[in-house]
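Protein sequences appear in the order of chains A and B. Following this note's numbering, the numbering of the first sequence begins with 1 at its first residue and continues without gaps. Following this note's numbering, the numbering of the second sequence begins with 1 at its first residue and continues without gaps.
Calculated directly from the structure, the hints in this document are not laboratory data. Don't be surprised by glycine CBs; every beta carbon is placed ideally from N, CA and C. Keep in mind that the hints are not guaranteed to be accurate.
Said to hold, decoys possible - Here chain B is said to cover these stretches of chain A; the calculated rule only asks that three of the stretch's residues, wherever they fall, bring their Cβ under 8 Å from a Cβ of chain B:
| # | segment |
| --- | --- |
| 1 | 18 to 27 |
| 2 | 49 to 55 |
| 3 | 111 to 125 |
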Amino acid sequence: MAISNEIRVDFPSLGENEGFARLVISAFLLPLDPTVEELADVKTAVSEAVTNAIVHGYAQRRGTVRLHAFLYDDNTLRVDVIDNGCGIADVEQARKPFFSTMAAQERSGMGFTIIESFMDNTEVFSQPGKGTTVRMTKKIGASAQLRDVHAL
Amino acid sequence: MLCFEKRGGKLVVYLEGELDHNTAAGMRAEIDNQLRDRSVMDLIIDMGGVTFMDSSGIGLVLGRYKLMSRRGGRVRLSRPGARVDRLMGLSGVYDLVEKQS
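One chain only, chain A, in its complex shape (with noise of 0.2 Å):
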């Protein structure tokens, strides 16, 4: 598969970007004319991780945060969300439903299981004091294919 565009933005971790990170990823989406609920699922899911790496991966202290997106000529949307933050001992808890380590913040601990639900695959590598990595992937237009071959 050959990448057919792609972007990279560093921004602080500061609470305003999440709603930026998402402008961000609509606009890099749009010409691709996702449907209504696609887009919502990928902002979703880029709010959730981008929320991730502000308020766990540099909980402690101001770092930058990479929204590296990448197209595919097969109209696959690669999402990479890096921090180089504070990391998690186990990934496979984390990614567990309602685990928080933040329910005094009322973070609800849905996060990775949204972003999960919304993209069609996950990755997440994460090293203690090296910080993580979030690899969401989604193929956009597969449902408008779907309508196509069901009208045939």
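Take the given structure of chain A and dock chain B to it, following the hints.
Same frame as chain A, now just chain B:
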């Protein structure tokens, strides 16, 4: 600034705009400030004006549920859009918080 409507022991809060981790903190503070009135036993969270929500919205609703439970009150959700509804359903919020029709 959120809009509130208070009648008797009932408080309606109208959430508006994008509900993420960044905006949830302010909304939470405003609601909890209103809830200092201990006569409020019925909190209705109106989601009709919410244009985006991620898991921070789940935390906000569950947090208010805990608060109201402690005083023997209840929380209801009103006018959730399709996306909000899906997220609330996915996380089991409706096991605790009634959806007002």
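Hint check:
With 3 residues having a Cβ less than 8 Å from any Cβ of chain B, the segment 18 to 27 of chain A passes the three-residue criterion, so the hint holds. Note: the segment 49 to 55 of chain A has 3 residues with beta-carbon separation from chain B under 8 Å; the three-residue rule is met and the coverage holds. Residues of the segment 111 to 125 of chain A with a Cβ under 8 Å from some Cβ of chain B number 4, which satisfies the need for three, so the listed coverage holds.
Checked against the numbered hints above, the structure breaks none of them.
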